[in-house]
Amino acid sequence: MKRPPSSAVPGSLEAPVSWVATRLGDAVAWGRKYSIFQYPFVTACCGMEFMSAAAGHHDQDRFGAAFPRFSPRQADMLIVVGTINHKIAPVLKRIYDQMCEPKWVVAFGTCATTGGFYDNYATVQGIDTILPVDVSIAGCPPPPESVFDAIIKLQEKIQKEGWEAVQSLRRHPSIGRTVPPRLRPAEWRRW
Amino acid sequence: MAPVVDQGSAGPLFQELKGKFARDIRAGWQEPPIEVIVIAKNSVARVARHLRDVLGFDALMDLTVVDYLGYPGGKKPARFEAVWYLQSFGSGRRVRLKAAVPDTDPVVPSLTPLFASANWLEREAWDMFGVGFKGHPGLKRILMYEEFSGHPLRKDYPLKEQQPRVEQIHPGVPPFGARPKALGGE
Amino acid sequence: MPEAEKTTMHVNMGPAHPAMHGTIHIGLELEGERVRGSEVEIGYLHRAFEKTVENRTWNQAIPYTDRLNYVSPVINNVGYALAVEKMMGIEVPERGVWIRMALCELSRVTDHLTCNGAMAMELGALTVFVWFIKAREILYGLLEEATGARLTVSWARIGGVTGDLTEKFLAGLPEAIKMTRQTVAEGNKLLVNNRIFIDRTRGIGALTRDEVVSHAITGPLGRASGLNYDVRRDLPYLAYDQVKFEVPLGVNGDVYDRFMVRVNEIEQSLRIIEQCLEKLPAGPVSADDQRVTLPAKTQVYTEMDPLIHHFKLLMPGHGIRPPAGEVYQAVEGANGELGFYIVSGGTDRPWRVRVRPPCFFPMSALSKMIEGGLVADVVPAFGSINMIAGELDR
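Residue numbers (this note's numbering), protein chains in the order written: chain A, -4 to 186; chain B, 88 to 273; chain C, 37 to 430.
Hints listed in this document are in silico derivations from the structure and should not be mistaken for laboratory results. Among the clues, some could well be false.
[To be verified] In the DMTMM-like style, the derived pairs of lysine to aspartate or glutamate whose C-alpha atoms are separated by at most 25 angstroms in a straight line are:
#, chain 1, residue 1, chain 2, residue 2
1, C, Lys225, C, Glu158
2, B, Lys247, A, Asp114
3, B, Lys162, C, Asp384
4, B, Lys162, C, Glu130
5, B, Lys247, C, Glu90
6, C, Lys214, A, Asp54
7, B, Lys247, A, Asp123
8, C, Lys170, A, Asp54
9, B, Lys162, C, Glu86
10, A, Lys88, B, Glu233
11, B, Lys227, C, Glu77
12, B, Lys227, C, Glu130
13, B, Lys247, C, Glu86
14, C, Lys204, C, Glu130
15, B, Lys221, C, Asp384
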């Protein structure tokens, strides 16, 4: 998500507003990227490597992505682990639809990314044919180091989406008021 | 070490069953430690009942179907062949029953009254090959989804013909080696 | 019966459920917390193994066999290779046999560790899971040293294996065995006499010996119900008749017995690996058979005949061609008798490869195990089956 170009004229009111909004966006993105709640949609062999990445030896808690939340309402990252076939594809789509914004999708493993070497009547040839995917992890199964590489890349992507994060706050008026056009200096310093 | 398959003489079980069931038992040979017996398809329930009650073969270990359409290794009596693998845990004997199943009448008696494992095994054979099992309490698909049409393990079902259920937001990569559209491909 | 008179409620467990290992759908008819009826639906990981393998050459099928029971991949590889070797009459040399056996048992240990750890986690004992996964990591490191991959090894070939064991592997193995024993002992201290664990697993999901035989359930579940059958002892393959090991048996056939049978099997497998280390003979690891084994690379690059031989083994249309016929080979998978029924048409591709999946049969008995129990008992009962969807749905 690119930030809209700033048409702020120095000295006008827009410049401090967009500066604050950008910093707010960065702060919200920082919070989001270090507290990822995954929904592990585990089907196959990659699940074993997912377990390895989550357990003590290679620890994904270091990245803030420890707790799997087995309810789509409480999760923000749908991590599709393993082969998806046509029988389970509607279930996956439904889980994705049930998740709230902002949400990201990670395709873990070659089968989720492209269908792997299961080029046959039963297998979906990559979940990007049915869902928008943010990060794909290659490997059959990928070693836990690749998983962490993907988490870090996703965190960088989330950080860059900062502006969109603020906009999403604005879409939900129940979450607090929109950023006021003028902030008093005392409030600035709280950041 | 692993013995070579011996397709020579028939074993003792063949003689015994031949004595009882005469015309239903067609051929037999040994593949140590298994004895293979070819039977008529409609006699499998009788033969299996005799094997279970009298000879102590208490488990149906496996049931499958083989599709011989276009088989290069010799002439086969019919398109399908149903294969049952029974085992006796008491005596350690094993027997493989085979029966030719023609395409025109792909129905075989069900072994569900005799063995509890037959239920799901027969559902899978139906799902993958379309071979029916007369007397099965609920013959429906087990590995594929209900909307799937066709029986995938048959030789005339193409390997890559997909029947997707979710609308594709963008189609996948074209198959490897496909000619791009601009150069005259599909 | 009309909706208003029905006393039960239909609740779906799965297919997206943390305790369902991702791919099982159990439709439960619940009356309060009691399960009055259930319908188990599988097939959510059907990847068309059997049809895909009909379109690959005999050796190209081996990576697909890895992904059957993906927690113990070596056993699947070796089972398939043994079946084809039986059909062709190939004898693998002694050293190849013994190292195949050692890695099969190592794979069995990783499978049982994962099963017991996952089952403990689903009952709330997360610590035991983390410890067992730590032990499994060290074994994966060893597997990577020996085969090149942690999980999906594709190690066996028709006629032998890809390569010999390295010095690093042989040096690291005794330490790993000691560490595994220690980890299992620590896990036992937490669970075996734990009142909560016993209450949640004793008497749950029990199957009698007759039910187990009628459902053709073998492996740890069969043995937990008293069925004294182990393919390694009763139909010996590889060199199992030359090693001493016991076959643990249970009494009640409930979840607790299955857990304990697996714990004891880990110990027996470790004993087999130790005996393999002692008795490992020297020599080549792959059969010196023109029909299947690739010639040495030094020869391929320098001499004409090995080059042609190499070409003929790998090009499509040529390659390994077992004679037309059929064969059945059973091995003891981690869940029971894993059988490969292979039909060959005399070409370089298999005509039909049927896998007898050992966890298919306990899954067909799952309804019987959970009916009459509580909803909370579905989780340990299902976890004790060690359902591996790659094998169940193929």
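* **Restraint check for B/Lys247 with A/Asp114, where alpha carbons must lie at most 25 angstroms apart** => The hint holds at about 6 angstroms.
* **Satisfaction of hint between C/Asp384 and B/Lys221, Cα-Cα up to 25 angstroms** => Given pair B/Lys221, C/Asp384 is violated - Cα atoms ~37 angstroms apart, limit 25 angstroms.
* Mind checking the alpha carbons of B/Lys247 and A/Asp123 for me, to see if they're no more than 25 angstroms apart? => holds (19 angstroms)
* Mind checking the alpha carbons of C/Lys225 and C/Glu158 for me, to see if they're no more than 25 angstroms apart? => holds (18 angstroms)
* Pair hint outcome, B/Lys247 versus C/Glu90 [Cα-Cα no greater than 25 angstroms] -> holds (13 angstroms)
* Asked: Would the pair B/Lys162 and C/Glu86 pass a check requiring their Cα atoms to be no farther apart than 25 angstroms?
  -> With Cα atoms ~23 angstroms apart, B/Lys162 and C/Glu86 stay inside 25 angstroms; holds.
* Asked: Regarding the pair B/Lys227 and C/Glu130, is the alpha-carbon distance no greater than 25 angstroms?
  -> violated (47 angstroms)
* Assess, step by step, whether the Cα of B/Lys162 is no farther than 25 angstroms from the Cα of C/Glu130, and give holds or violated. => Violated. B/Lys162 to C/Glu130 sits at ~39 angstroms, over the 25 angstroms cutoff.
* Asked: Is the Cα-Cα distance between B/Lys247 and C/Glu86 25 angstroms or less?
  -> holds (13 angstroms)
* Is the straight-line distance between the alpha-carbon of B/Lys227 and that of C/Glu77 25 angstroms or less? -> holds (11 angstroms)
* Taking 25 angstroms as the top limit, are the C-alpha atoms of C/Lys170 and A/Asp54 close enough? -> holds (11 angstroms)
* Asked: Is C/Lys204 within 25 angstroms of C/Glu130, Cα to Cα?
  -> Satisfied, since the Cα-Cα distance of roughly 21 angstroms is no more than 25 angstroms.
Of the hints listed earlier, those the structure fails to meet are numbers 4, 12 and 15, in rising order.
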